[in-house]
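Participant: Here is what each chain is made of, one letter per residue.
Number of protein chains: 2
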Amino acid sequence: MKMSEGVEWTAHACTLLAALPPGIGLSAAALAEFHDLAPAYMAKHMQALARAGVVESVRGAGGGYRLARKPHDVTLWDIYEAIEGEEPAFRCSEIRQQGPCPGIGDFRKPCEINAIFGRAETAWKAELKSMSLADIVADLARKQTPARRAQLTEWLGEKLG
Amino acid sequence: MKMSEGVEWTAHACTLLAALPPGIGLSAAALAEFHDLAPAYMAKHMQALARAGVVESVRGAGGGYRLARKPHDVTLWDIYEAIEGEEPAFRCSEIRQQGPCPGIGDFRKPCEINAIFGRAETAWKAELKSMSLADIVADLARKQTPARRAQLTEWLGEKLG
DNA sequence: GATATCGTACTCGGATATACATTGTCCGAGTGGTGACGG
DNA sequence: CCGTCACCACTCGGACAATGTATATCCGAGTACGATATC
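Protein chains in written order, with my numbering: chain P, 4 to 164; chain V, 4 to 164.
Please keep in mind that the hints were generated in silico from the structure rather than gathered at the bench. The structure presented is a predicted model; accordingly, all values stated were derived computationally and were not measured. Please note that a few of the clues may not be correct.
A pair counts as met if it fits within one copy or between any two copies, since identical chains are not told apart.
Unchecked claim - Taking lysine-lysine pairs in the DSS-like style, the calculated list, with each CA pair at most 27 angstroms apart, reads:
1. Lys47 - Lys146
2. Lys146 - Lys5
3. Lys146 - Lys112
4. Lys73 - Lys5
5. Lys128 - Lys162
6. Lys162 - Lys47
7. Lys162 - Lys5
8. Lys5 - Lys132
9. Lys146 - Lys132
Sequences are here, hints too, so could you generate the full structure?
Facilitator: Set out below in structure tokens:
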């Protein structure tokens with residue numbers, strides 16, 4: 004089972020957006036350049052985030068993407084769901100009801116194996132929902148040295164004009 | 004993100020094997036027939052379980068697959084890992100260190116985003132590890148009607164000879 | 001009648017095609033900024 | 001000098017191709033069972 008790498012890309016991109024002043028955004032090209040990623044593919048993933056309402060898109064010159072909500076109100080789950088979709092990883096196809104001997108269990112009750120995987124995914128989802136972009140940005144700020152912060156502000160100044 | 008349907012196939016197959024008397028097994032063809040699945044593909048998945056040591060294979064006439072351990076000692080995680088492998092779903096490629104401005108955070112410490120996904124997968128894994136085949140079989144037995152149990156034993160008698 | 005041997009049917013195991021999803025790229029649609037032009 | 005208009009550059013958005021992974025199948029390797037022939 005492999006998660007799309009788009010999740011990693013957009014998670015880092017949103018972290019950067021969350022570190023900007025409210026209402027300020029960056030173009031998809033700039034977000035891609037920041038982590039040395041393929042610009043066109045990054046743009047495709049940002050579109051998914053825009054459709055999901057995590058970010059807002061601003062077209063035209065000087066446009067780009069900016070967070071649609073405050074960093075505290077965007078969780079890693081929101082980003083994951085925007086990229087991967089809301090379908091669970093485990094899809095029960097009810098094979099217990101197929102075959103020459105479907106007489107195991109009560110079909111009015113959910114498949115037990117499906118129920119276990121469902122519980123597991125709920126636990127996983129809860130962990131992702133517990134962390135917002137604000138938490139991540141705060142963590143990064145704590146680890147950051149002054150020299151590196153200056154490097155970041157210089158790059159941002161160049162991009163924001 | 005999508006889990007291989009082989010996980011569902013083998014989980015149900017192992018549940019059936021766990022319901023048999025200790026040391027008794029079934030051929031891959033019989034396991035496939037039981038849930039009306041493609042026999043050759045079912046065999047391929049059972050091979051993965053055999054490599055992982057979840058089941059033992061017996062070649063030759065009358066052979067097949069049987070559980071390598073007691074049902075209580077086989078968890079859904081064992082089956083998942085045998086099919087999907089042990090690599091995590093989220094692979095951190097350390098893109099935070101790439102690009103023109105890699106100066107965010109302390110690289111000696113793990114990437115915060117990766118850490119969150121790691122915690123989430125740990126929670127997910129714990130849930131799967133908490134359920135053994137014995138638990139699942141017990142649950143099915145509780146839901147089962149006498150008529151359906153008779154149907155199962157008849158089919159098994161035909162297959163086991 | 002007992003035993004050793006051969007043949008056969010059955011099963012696993014891995015190598016080999018196919019279908020589908022993800023990844024990656026491109027060009028058109030839309031929008032704000034900018035410069036020229038006229039009042 | 002100021003307002004308006006048209007053009008242009010920039011950005012998003014979705015359609016289109018390439019690649020990789022999961023799905024599906026087949027044929028060869030190996031083993032136990034049973035029949036047969038011999039002692």
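Participant: Against each hint, give a clear statement of whether it holds in the structure.
Facilitator: Do the hints match the structure? See the list:
When the C-alpha separation of Lys47 and Lys146 is checked against a cutoff of 27 angstroms, the pair qualifies neither within a copy, at 31 angstroms, nor between copies, at 48 angstroms. In the homo-oligomer, the alpha carbons of Lys146 and Lys5 never lie at most 27 angstroms apart, since the shortest distance is 29 angstroms inside one protomer and 35 angstroms across protomers. In this homomeric assembly, Lys146 and Lys112 come within 27 angstroms of each other (Cα to Cα) only across copies, at 9 angstroms, whereas the closest approach inside a single copy is 50 angstroms. For a Cα distance limit of 27 angstroms, the shortest separation of Lys73 from Lys5 qualifies neither inside one copy, at 30 angstroms, nor across copies, at 30 angstroms.
In this assembly of identical chains, the alpha carbons of Lys128 and Lys162 never lie at most 27 angstroms apart, being 35 angstroms within a copy and 42 angstroms across copies at closest. In this assembly of identical chains, Lys162 and Lys47 lie within 27 angstroms of each other by CA distance solely inside one copy; the values are 21 angstroms within and 53 angstroms between copies. When the C-alpha separation of Lys162 and Lys5 is checked against a cutoff of 27 angstroms, the pair qualifies neither within a copy, at 34 angstroms, nor between copies, at 38 angstroms. For the homomeric pair Lys5 and Lys132, the shortest alpha-carbon distances inside one copy (20 angstroms) and between copies (20 angstroms) are both at most 27 angstroms.
Proximity of Lys146 and Lys132 under a CA criterion of 27 angstroms is satisfied intra-copy only: 23 angstroms inside one chain copy versus 35 angstroms between copies.
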